[in-house]
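Number of protein chains: 4
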Amino acid sequence: MSEFVGFSPPSSRRRPGTTGSYERRTGWLLDCAAVAFLAVYAVPILHPDLSPVWLRACEVASWAVWALFGADYFIRLSLAEDRRRFVRGNLVDVAVIVLPLLRPMRLVRLLPVLARMQHAGMSLRGRATTYVVAGAVLLGFVASLAVLDAERGSPEANITSFGDALWWAAATVTTVGYGDRFPTTGEGRIVGVALMLGGIALVGTVTAALASWFVEQQRKEASK
Amino acid sequence: MSEFVGFSPPSSRRRPGTTGSYERRTGWLLDCAAVAFLAVYAVPILHPDLSPVWLRACEVASWAVWALFGADYFIRLSLAEDRRRFVRGNLVDVAVIVLPLLRPMRLVRLLPVLARMQHAGMSLRGRATTYVVAGAVLLGFVASLAVLDAERGSPEANITSFGDALWWAAATVTTVGYGDRFPTTGEGRIVGVALMLGGIALVGTVTAALASWFVEQQRKEASK
Amino acid sequence: MSEFVGFSPPSSRRRPGTTGSYERRTGWLLDCAAVAFLAVYAVPILHPDLSPVWLRACEVASWAVWALFGADYFIRLSLAEDRRRFVRGNLVDVAVIVLPLLRPMRLVRLLPVLARMQHAGMSLRGRATTYVVAGAVLLGFVASLAVLDAERGSPEANITSFGDALWWAAATVTTVGYGDRFPTTGEGRIVGVALMLGGIALVGTVTAALASWFVEQQRKEASK
Amino acid sequence: MSEFVGFSPPSSRRRPGTTGSYERRTGWLLDCAAVAFLAVYAVPILHPDLSPVWLRACEVASWAVWALFGADYFIRLSLAEDRRRFVRGNLVDVAVIVLPLLRPMRLVRLLPVLARMQHAGMSLRGRATTYVVAGAVLLGFVASLAVLDAERGSPEANITSFGDALWWAAATVTTVGYGDRFPTTGEGRIVGVALMLGGIALVGTVTAALASWFVEQQRKEASK
Numbered sequence: 013m014s015e016f017v018g019f020s021p022p023s024s025r026r027r028p029g030t031t032g033s034y035e036r037r038t039g040w041l042l043d044c045a046a047v048a049f050l051a052v053y054a055v056p057i058l059h060p061d062l063s064p065v066w067l068r069a070c071e072v073a074s075w076a077v078w079a080l081f082g083a084d085y086f087i088r089l090s091l092a093e094d095r096r097r098f099v100r101g102n103l104v105d106v107a108v109i110v111l112p113l114l115r116p117m118r119l120v121r122l123l124p125v126l127a128r129m130q131h132a133g134m135s136l137r138g139r140a141t142t143y144v145v146a147g148a149v150l151l152g153f154v155a156s157l158a159v160l161d162a163e164r165g166s167p168e169a170n171i172t173s174f175g176d177a178l179w180w181a182a183a184t185v186t187t188v189g190y191g192d193r194f195p196t197t198g199e200g201r202i203v204g205v206a207l208m209l210g211g212i213a214l215v216g217t218v219t220a221a222l223a224s225w226f227v228e229q230q231r232k233e234a235s236k
Numbered sequence: 013m014s015e016f017v018g019f020s021p022p023s024s025r026r027r028p029g030t031t032g033s034y035e036r037r038t039g040w041l042l043d044c045a046a047v048a049f050l051a052v053y054a055v056p057i058l059h060p061d062l063s064p065v066w067l068r069a070c071e072v073a074s075w076a077v078w079a080l081f082g083a084d085y086f087i088r089l090s091l092a093e094d095r096r097r098f099v100r101g102n103l104v105d106v107a108v109i110v111l112p113l114l115r116p117m118r119l120v121r122l123l124p125v126l127a128r129m130q131h132a133g134m135s136l137r138g139r140a141t142t143y144v145v146a147g148a149v150l151l152g153f154v155a156s157l158a159v160l161d162a163e164r165g166s167p168e169a170n171i172t173s174f175g176d177a178l179w180w181a182a183a184t185v186t187t188v189g190y191g192d193r194f195p196t197t198g199e200g201r202i203v204g205v206a207l208m209l210g211g212i213a214l215v216g217t218v219t220a221a222l223a224s225w226f227v228e229q230q231r232k233e234a235s236k
Numbered sequence: 013m014s015e016f017v018g019f020s021p022p023s024s025r026r027r028p029g030t031t032g033s034y035e036r037r038t039g040w041l042l043d044c045a046a047v048a049f050l051a052v053y054a055v056p057i058l059h060p061d062l063s064p065v066w067l068r069a070c071e072v073a074s075w076a077v078w079a080l081f082g083a084d085y086f087i088r089l090s091l092a093e094d095r096r097r098f099v100r101g102n103l104v105d106v107a108v109i110v111l112p113l114l115r116p117m118r119l120v121r122l123l124p125v126l127a128r129m130q131h132a133g134m135s136l137r138g139r140a141t142t143y144v145v146a147g148a149v150l151l152g153f154v155a156s157l158a159v160l161d162a163e164r165g166s167p168e169a170n171i172t173s174f175g176d177a178l179w180w181a182a183a184t185v186t187t188v189g190y191g192d193r194f195p196t197t198g199e200g201r202i203v204g205v206a207l208m209l210g211g212i213a214l215v216g217t218v219t220a221a222l223a224s225w226f227v228e229q230q231r232k233e234a235s236k
Numbered sequence: 013m014s015e016f017v018g019f020s021p022p023s024s025r026r027r028p029g030t031t032g033s034y035e036r037r038t039g040w041l042l043d044c045a046a047v048a049f050l051a052v053y054a055v056p057i058l059h060p061d062l063s064p065v066w067l068r069a070c071e072v073a074s075w076a077v078w079a080l081f082g083a084d085y086f087i088r089l090s091l092a093e094d095r096r097r098f099v100r101g102n103l104v105d106v107a108v109i110v111l112p113l114l115r116p117m118r119l120v121r122l123l124p125v126l127a128r129m130q131h132a133g134m135s136l137r138g139r140a141t142t143y144v145v146a147g148a149v150l151l152g153f154v155a156s157l158a159v160l161d162a163e164r165g166s167p168e169a170n171i172t173s174f175g176d177a178l179w180w181a182a183a184t185v186t187t188v189g190y191g192d193r194f195p196t197t198g199e200g201r202i203v204g205v206a207l208m209l210g211g212i213a214l215v216g217t218v219t220a221a222l223a224s225w226f227v228e229q230q231r232k233e234a235s236k
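Going line by line, the protein sequences match chains A, B, C and D.
Count the first sequence with the numbering used here and you get residues 13 to 236, in order.
Count the second sequence with the numbering used here and you get residues 13 to 236, in order.
Count the third sequence with the numbering used here and you get residues 13 to 236, in order.
Count the fourth sequence with the numbering used here and you get residues 13 to 236, in order.
What the hints contain is simulated information worked out from the structure, not anything from laboratory work.
Warning: the hint list may mix true and false statements.
No copy is singled out in the list; a pair is fine if it fits within one copy or between any two copies.
Simulated crosslink set (SDA-like; lysine to any residue; CA at most 20 angstroms straight-line) [claimed, not checked]:
{"id": "1", "residue 1": "Lys232", "residue 2": "Pro124"}
{"id": "2", "residue 1": "Lys236", "residue 2": "Leu136"}
{"id": "3", "residue 1": "Lys232", "residue 2": "Leu136"}
All chains should be modelled from the sequences, with the hints used to inform the complete structure.
This is the structure in structure tokens:
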């Protein structure tokens with residue numbers, strides 16, 4: 013799979029250099045934690061006028077998930093046969109745990125959940141397409157939350173509601189880019205660049221899957 | 013055909029789980045109804061200052077087509093050998109009948125008309141390309157009507173004529189996206205997202221068809 | 013070649029249903045006329061404050077080329093073996109001659125000149141790529157002239173110089189679409205839509221040519 | 013390699029018509045000079061309020077690199093077996109040396125550095141993808157510097173900081189094109205067009221690499 017540089021398709025859950033037994037038993041817990049993190053990340057952004065008790069609860073839950081991800085990382089590290097290889101193969105996990113700015117990036121933990129939602133009988137092309145499309149929808153949703161969070165504090169912001177943020181994300185991830193709404197803060201622009209790259213992945217994968225499908229049908233017709 | 017996930021090419025008229033005889037006899041009626049629906053949908057939007065009698069006539073005709081589509085659905089359901097499979101294979105039809113907001117979506121009924129306009133001898137690539145290009149033109153036209161309908165009531169709208177709406181639709185479906193005109197209402201933005209997705213399909217299919225054509229020619233040259 | 017629907021690659025000069033001898037002898041004259049037409053079309057747009065004598069000369073030359081194209085059409089029609097087939101295969105030529113609005117479209121006559129500029133030894137992919145890239149550059153140049161001509165008379169126009177027009181054309185044909193400059197008149201918007209379609213052709217052909225090249229190299233490596 | 017018109021993939025360092033020995037010995041020096049040129053080009057743009065001594069040092073270093081590139085060109089010319097072929101095969105080098113406006117273009121000398129950073133075992137597709145992606149990042153960075161340099165003097169410029177310039181470059185190279193920031197000067201627009209073309213190369217190569225990967229996997233599955 014990794015022979016294609018820069019594109020890591022949905023493969024099995026196993027990561028480089030770990031024993032499978034621990035992961036099999038804790039996989040569902042980490043998936044639930046990732047989904048829960050999406051909830052406690054989204055709620056305070058969508059409802060900033062929530063009672064302080066609930067906001068505090070979301071914050072605590074967010075830190076709990078962080079602690080869980082951290083603990084999971086160190087347990088997997090200690091179980092790894094080849095620790096150097098494990099560290100090299102899980103750099104994203106470290107970045108996500110260490111950098112507080114990358115908080116929304118903790119949701120990359122949802123990607124394996126997407127990957128496991130696919131049917132076993134699908135072709136590589138089908139799996140890659142569903143994965144990228146689902147990933148683009150998830151990315152668009154998370155980016156809408158992140159950009160709204162980033163822009164809310166800025167006086168000259170033009171993305172001021174979640175509807176605006178979703179509309180901006182849709183125009184960006186499809187590379188249309190109207191420019192009626194756009195981030196003005198540094199954090200918002202970083203989110204925007206991530207979404208543009210996701211857009212290239214989306215457009216590229218859809219086009220490539222169609223092309224390979226046409227080529228396949230053609231070959232079948234030619235070999236008849 | 014359905015082996016390609018998320019892309020349903022123009023195939024035969026038969027839908028999953030129905031007998032072909034009923035459909036063969038009523039196909040032309042439903043096609044006419046779909047074309048008529050396009051007319052009675054378009055006229056009141058393009059001529060809002062029409063006399064009340066005509067506006068009322070369009071509304072009645074619109075409901076008549078709706079009743080026809082509903083009746084057609086239930087007749088096909090009662091004729092289906094495997095009803096569960098029929099329901100699963102025709103979810104769009106139910107959504108179109110039940111949801112009043114999706115009124116312009118009833119025009120998906122025009123897609124089989126497009127599909128049958130194709131020549132029998134064409135390759136899959138040729139059929140997919142003509143289908144997607146014709147579909148994109150139809151989508152652009154319907155989206156122009158829908159967005160004009162949605163934006164007309166908004167005081168801060170900038171799409172105020174059918175010319176503006178067509179221009180906006182062209183810039184969106186080609187993923188150019190100037191942003192000199194853009195929808196400001198929720199309904200208008202939903203139409204916009206549909207058009208962006210149509211744009212990815214258009215660009216992707218044209219590119220993929222060209223790629224598969226180049227690959228085919230190359231193989232022919234190589235095998236000489 | 014025509015098996016690919018909607019894409020007519022640079023083939024030989026011969027058009028459907030004509031004898032080659034007349035075309036071989038007059039080809040250079042018509043090519044010169046097309047180049048001359050580009051000049052007399054461009055000069056009055058780029059220099060609107062030219063002396064009336066020169067403007068008049070350009071107009072006369074423009075009509076002369078038109079008459080030449082018309083005469084050429086009727087001579088080729090009379091020489092054609094199968095006249096019905098000739099008419100059907102040269103519909104663009106008629107449209108260009110008959111419709112005065114399509115005056116810039118007369119420059120499609122430059123496309124065969126581009127096609128003949130290619131080396132004989134090139135592959136289909138190479139020929140299609142150079143043809144589309146050269147065609148996109150020509151289209152961008154002509155569209156810049158046409159949009160400047162159309163917008164000049166409009167009081168709310170924002171494309172007011174040839175530099176603006178070129179910049180707008182570049183942003184459109186690459187599907188970037190900033191929207192800092194955009195046509196506001198009906199004619200200008202029609203030119204814009206033509207340029208957007210040219211942009212899809214450009215992006216699609218470049219991508220498809222790269223894809224087919226990768227596939228070819230891969231097959232060579234695999235068959236080693 | 014050169015059979016693909018208009019796309020020159022990362023190949024060996026050797027240029028047409030030169031002896032390899034000189035280049036092998038001086039390659040590292042010219043690479044260092046290209047990296048140094050990037051530094052002395054970037055610093056005065058990013059820090060315009062630098063002390064005059066440093067600005068002067070950067071200017072001197074810039075001219076030194078220019079002299080080095082010029083000397084390298086003439087030495088290679090004198091060593092070339094076929095001088096006519098050498099001149100034809102190195103036209104970009106002359107343009108870069110002769111034209112002062114193309115100063116940022118001297119950084120094309122960094123492209124061979126990128127090309128040599130690749131692993132030997134990679135496939136053509138992998139090499140082309142990493143090369144184009146790295147090239148797009150470099151192009152985006154240099155274009156941000158160049159556009160900031162060009163726009164700084166213009167009173168109606170809207171790109172006034174390096175952050176703005178990077179944001180504009182990202183939106184352009186991914187063909188999103190919001191239009192919230194855009195160049196207004198002639199030089200800035202030329203930089204913009206270069207970036208748009210880079211964007212087509214980026215999107216096209218990513219898509220084409222994905223397509224060829226899908227086709228390859230499919231063929232492997234089919235031949236099982």
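Taking the hints in turn, this is what the structure says about them:
1. Lys232 - Pro124: Neither: 34 angstroms inside a chain and 26 angstroms across chains, both beyond 20 angstroms.
2. Lys236 - Leu136: between (24 angstroms within a copy, 15 angstroms between copies)
3. Lys232 - Leu136: For lysine 232 and leucine 136, both the intra-copy (18 angstroms) and inter-copy (11 angstroms) Cα distances are at most 20 angstroms.
Of the hints listed earlier, the one the structure fails to meet is number 1.
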